[in-house]
Structure formats: C-alpha cells, structure tokens
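Residue numbers (the working numbering), protein chains in the order written: chain L, 1 to 151; chain D, 1 to 151; chain V, 1 to 151; chain H, 1 to 151.
Just to be clear, a hint being listed does not mean it is correct.
One side only, chain L facing chain V, incomplete, derived with CB under 10 Å [claimed, not checked]:
| no. | residue |
| --- | --- |
| 1 | H54 |
| 2 | V87 |
| 3 | E88 |
| 4 | K90 |
| 5 | T114 |
| 6 | L115 |
| 7 | V117 |
| 8 | T139 |
| 9 | M141 |
Think about it this way: if two alpha-carbon atoms lie no more than 27 Å apart in a straight line, the pair counts; the simulated DSS-like pairs of lysine-lysine are [stated by the list, open to error]:
| no. | chain 1 | residue 1 | chain 2 | residue 2 |
| --- | --- | --- | --- | --- |
| 10 | L | K101 | L | K13 |
| 11 | H | K5 | L | K131 |
| 12 | V | K13 | V | K101 |
| 13 | D | K5 | V | K131 |
| 14 | H | K101 | H | K131 |
| 15 | L | K5 | H | K131 |
| 16 | D | K131 | D | K101 |
| 17 | D | K131 | V | K5 |
| 18 | D | K101 | D | K13 |
| 19 | V | K131 | V | K101 |
| 20 | L | K101 | L | K131 |
| 21 | H | K13 | H | K101 |
Treat the hints as calculated values from the structure; they're not laboratory data. Just so it is clear, the structure is predicted and the values come from calculations on it, not from any experiment. Note that CB positions come from ideal geometry on N, CA and C, so glycine has one too.
The primary structure of each chain is shown beneath.
Protein chains: 4
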Amino acid sequence: MTSFKPPDPHFAKRVRTSFDRQQFMHTLGASLLAVEPGFVEIELLINPAITQQHGFVHAGAVASIADSACGYAAFSLMPADAGVLAVEFKINLMAPATGDKLIARAHVIRAGRTLTVCQAEVVGVTADGEKAVAIMTSTIMTVRDRSGVQG
Amino acid sequence: MTSFKPPDPHFAKRVRTSFDRQQFMHTLGASLLAVEPGFVEIELLINPAITQQHGFVHAGAVASIADSACGYAAFSLMPADAGVLAVEFKINLMAPATGDKLIARAHVIRAGRTLTVCQAEVVGVTADGEKAVAIMTSTIMTVRDRSGVQG
Amino acid sequence: MTSFKPPDPHFAKRVRTSFDRQQFMHTLGASLLAVEPGFVEIELLINPAITQQHGFVHAGAVASIADSACGYAAFSLMPADAGVLAVEFKINLMAPATGDKLIARAHVIRAGRTLTVCQAEVVGVTADGEKAVAIMTSTIMTVRDRSGVQG
Amino acid sequence: MTSFKPPDPHFAKRVRTSFDRQQFMHTLGASLLAVEPGFVEIELLINPAITQQHGFVHAGAVASIADSACGYAAFSLMPADAGVLAVEFKINLMAPATGDKLIARAHVIRAGRTLTVCQAEVVGVTADGEKAVAIMTSTIMTVRDRSGVQG
Chain L
1 MTSFKPPDPH FAKRVRTSFD RQQFMHTLGA SLLAVEPGFV EIELLINPAI
51 TQQHGFVHAG AVASIADSAC GYAAFSLMPA DAGVLAVEFK INLMAPATGD
101 KLIARAHVIR AGRTLTVCQA EVVGVTADGE KAVAIMTSTI MTVRDRSGVQ
151 G
Chain D
1 MTSFKPPDPH FAKRVRTSFD RQQFMHTLGA SLLAVEPGFV EIELLINPAI
51 TQQHGFVHAG AVASIADSAC GYAAFSLMPA DAGVLAVEFK INLMAPATGD
101 KLIARAHVIR AGRTLTVCQA EVVGVTADGE KAVAIMTSTI MTVRDRSGVQ
151 G
Chain V
1 MTSFKPPDPH FAKRVRTSFD RQQFMHTLGA SLLAVEPGFV EIELLINPAI
51 TQQHGFVHAG AVASIADSAC GYAAFSLMPA DAGVLAVEFK INLMAPATGD
101 KLIARAHVIR AGRTLTVCQA EVVGVTADGE KAVAIMTSTI MTVRDRSGVQ
151 G
Chain H
1 MTSFKPPDPH FAKRVRTSFD RQQFMHTLGA SLLAVEPGFV EIELLINPAI
51 TQQHGFVHAG AVASIADSAC GYAAFSLMPA DAGVLAVEFK INLMAPATGD
101 KLIARAHVIR AGRTLTVCQA EVVGVTADGE KAVAIMTSTI MTVRDRSGVQ
151 G
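Next up, chain L with everything else stripped away, as it sits in the complex (with noise of 0.2 Å):
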C-alpha cells in the first residue's frame, strides 16, 4: 500500500466527527475502528434488523459500511474545507454475509484532486477467524464550496 500523508494533521477528529452525522451507521449498528491516512475500518455487530429474507446480512448493509469506509478513507486525505461524494460503487458479494460481526476495511488505491479511488473488503469475523464476504470499488469526488457539503 501506498503510505499517504494528509494534508489536515487533524484528519482523524474530522473522520470520527462526521461518521458520528450519519446516522444510518447508528441505524444499522455500525461503529467506527481504525482512521488511518488513506484507510478506514468500519465494525458492524451481525442483528436480525439487518437481514434479508434467508437470514444473511442484507447486500444493502454490506454495501453500506463499505461505502461509508471508502467515502472516510478517501476524506481523511481531504484538506480541512473539502467534502466528498461518492460518485459510484461496485461491490462483489462473494459469500454469504454472516458471523458475529461484519469488518469493512478501505484503503485509498489513487487519490486525485478531483477523483479518489478507494477499494474496501468486508470480511464476517466469528471467533474462529474471518471470512471474505464482498469487494468493492468506489469512486469519489472531493466536493468544494458546495453549502452543506465540508464535512
């Protein structure tokens, strides 16, 4: 991995403030881990609330902690008055997503003044270890002077 240096020393305060604003990641049960320079860890305790019709985790909640991981690992390399957008995400659901919690872990793979690239996988953890359950790949768009969009 590349080792990214962030332009706002303050970039894990500025993470960890705006993840506590979205307040689907309370909905779903989701909490914050790692805040690293380019790399997010996102935890999200396995409940029935969040499931789909055969008991999994539903895609839609996978997907979530993955984008929310990509969107703050692309951020925490954002100057303090940027914001970011995700533009796009593609995920692979690769195994049934079960086990006592679910980790989504981004890295930054290209971070560009107008574009970041992030990558994330989500891994179920049980105490036997852990199993890969989605890749995804997310586009990002620093977002500048846009009311409503700095944090």
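Since the structure of chain L is already known, use the hints to place chains D, V and H on it.
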C-alpha cells in the same frame, strides 16, 4: 422492455411474502409497490434514520432498495422452487438523494438459466415531481437445492 | 430519453474529427454511424482479428466500441474547448458477441459540469435482426485546460 | 494472496494454448508472461495502432488485456474439461495509459464452483519504473458441456 412470462403463476405472492421477511427493509422504512413479471418497485419514505452526514439519504440506503428491487424483479421470473442471490452490483449516484420519498424501479434486462441481469433507477419524489438519483446494474444468480435459500 | 441542447453547434463535426483520430477504432474495424446530441452509435464489422479463443468477438473489443460510444455521447454535449476522459466503466456481457456486425448505442443519462454518466447497449446484428450482447454504464470526466486533451 | 491448487496439473499449457487462439491479443500486440495457479500476467507493447485521440492507449485496449488476464487467472484453476466466460467487469482508469508497455496482472480473489471473482491491475512501464494505470474487478463463469467453449 421485453415482456416476460413467469413460470410460477403465483410469483407476486411469492415476492411479497419474501419481501416481508427482509427485516432490513422494515428497518429502513421501505415498502413494496408494484410487482409485475420482471419488474418491481420499492418505496422508501425519507426519514432522519437513513441519512448521512449532509442530511441526504445515505448511498447505502439508496443501494439497498435498488438491490432489493433488482433481486425481486429477478425472483418474479423464477420457478417456485428457486431462490436468488445478488452476485454483484454497481450503482451510479447522480444527484443527492432528497425529497419526500425515494422510489426504486427495477427491470430484468436478461433472464438466463443461471444468471439474470437487472437494471434499476432510483428517483427522489416531491410534490413537484421526480428527479433521477441513481442507476444500478445488478447480476443475480438462480439458486436451487441450497438449504435456506428458496424464497 | 432526455433531450439535450449541445453548447457547441458544431458538435457532430467535432465528434467525427476526434473519432477519426482514434487509431484503435481503425484497428478494430469500427466506424461511426449516428451522432446526435447526447447519443452516438458505432458499428463494428465482425472479423477474425477481433475474436477470442471460442471464435466470438473478444469482450475487450465489445467494451472498446461501447466505451468510445459513451465517450463521444458525452463529448457531443461538451463546449468546444473541453475534452473528455473515461473515469470508469462496467460492462455486463449477456450473450456471445456474434453476428455479421456489432452496433454500440450510447446515451447520456446525466450531464454534469464535471462528470457525465452514459449507458450503452451493444447488439449483434444478422439478417434476422438484432440480439442484445452487452450493456455498459460509464462515468466520464470533463477535461479543461489540460494540454493534449481538447478533442 | 490465497494460494491455489489447480485441479489440472497441465493448467499452464492449457492457458498458453488458449491464449494463442485469442486472435484479438495478437491484433493488439499482447503476449502472455507469467502463468501461475490463480495468477496471470499479460504484456502489451504500446504502439500507435491501439491509441485513442490524445495518443494514449485506448481504454478498451487496457480493458482487453485486463479482461484476458482475469479470464486466464480463473481458467488456470478450472478442471481440464471446463471453459470460462466473463460475465461482467468493471474498470477504473486512474491515469493515462502511457509508457513503453503495459502489464496487466490478474489474481483470483474467490474461486467458486460456478463463479470466480478476479482482480487485475494494469501498470504503465518505462525505464523509470511502473505507474498504476487501471484496476479491474471481473466475474467469470465456469462453463461445462457447452459446445465450443472448452478451452
């Protein structure tokens, strides 16, 4: 659009029964509107519990209803003993997800024996009309003889 | 489909001039058919030089004409001093690419200041008619003031 | 990376024989480098015949070698009587494709009975080193008992 003849005449009931078992749709506040052969429509009332940090609906929630709509559009064309699993999807987020409610409309584009391709659009709805919010393309696998994946 | 008003009245000439400079299209045997505001059509005569190991047209050749069609659909709506670059695309290959020729038809779905979203379908054509071969969704960036990327 | 045990001990010969039958790879000027279990590397010498209007390698040519690399990475893990077909792929184009040559490197991420997921990166190579040009994620289907699709 191609017109499809579903192998199971009770497809609509099967789709509605399965949707009701998706606890995540209840958690989001989503409900099922139209169910036709190869076409499904899902509505999501916008509420604070599904927002991200700027107050828009979280991209993951947008993706969730589009994913369910695609899955059930495919499921509407399955024989009575088969289930479906999303293999992968891609979503382009074209405008902030705002309005009074979102509607996801998914069509089957190609119905194969093993794989079905669906596309969905998500619109934001206000009293003034609809605006395009997102488009998704999804690949869905037919699942037979796998315990717990028949509905 | 939305109807678009191109800012450059000479958009069709600009598209055709740029297409002629894509040496790869000549290498494939592709030619430009319709050019309308936000819509472009490219034809590819099927020949052994573009096949894969089973004798079908290689997925990469299918993607190539769909990508060019998407790029030029976006380019048709650009001001005269702007160029375009594909940021990412996804293609679903729905049937073997066979027939006498392929036609890729691309529409602009969303025209933004920085990013344009296009969708293309590719059909295989024989005397008996057309069959769907592939669908693509593409994200295209407007490029200004970058040396060598104006056409 | 996971290490894979190919069911066919002659996998490398089978991959090389099949690659030689991809006339499109010859048309592009691509050749096969490493073939390992679940890993394939393809090289493309940059030449004017594969360029787009700005003189960079056309995104479709970049996608073509990445697609073939993904397909053959999956194929390396197939039993001797099975073929592969790409179902869909997504590519992010991160930098103009320039240099003396491109190299696509593809790994199997998940090897399933019906579907295999691969990821590839494409780098541009000069005397000074490599730079990242593109990343692809691809879904590949195992094909059995279908006339003409065994190699």
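Hint check:
1. H54: 24 Å, violated
2. V87: 6 Å, holds
3. E88: 6 Å, holds
4. K90: 6 Å, holds
5. T114: Where the cut-off is 10 Å and the nearest Cβ of chain V is about 7 Å from T114(L), the hint holds.
6. L115: Since the shortest Cβ distance to chain V is 6 Å, the answer is holds.
7. V117: 8 Å, holds
8. T139: Because about 6 Å separates T139(L) from the closest Cβ in chain V, which is inside the 10 Å limit, the hint holds.
9. M141: Holds: closest Cβ of chain V sits about 7 Å from M141(L), inside 10 Å.
10. K101(L) to K13(L): 25 Å, holds
11. K5(H) to K131(L): OK: K5(H) and K131(L) at ~19 Å, within 27 Å.
12. K13(V) to K101(V): 25 Å, holds
13. K5(D) to K131(V): 19 Å, holds
14. K101(H) to K131(H): 11 Å, holds
15. K5(L) to K131(H): 19 Å, holds
16. K131(D) to K101(D): 11 Å, holds
17. K131(D) to K5(V): Measuring from Cα to Cα gives roughly 19 Å; hence the hint holds.
18. K101(D) to K13(D): 25 Å, holds
19. K131(V) to K101(V): With Cα atoms ~11 Å apart, K131(V) and K101(V) stay inside 27 Å; holds.
20. K101(L) to K131(L): 11 Å, holds
21. K13(H) to K101(H): 25 Å, holds
This entry does not satisfy hint 1, going by the numbered hints stated previously; all others are met.
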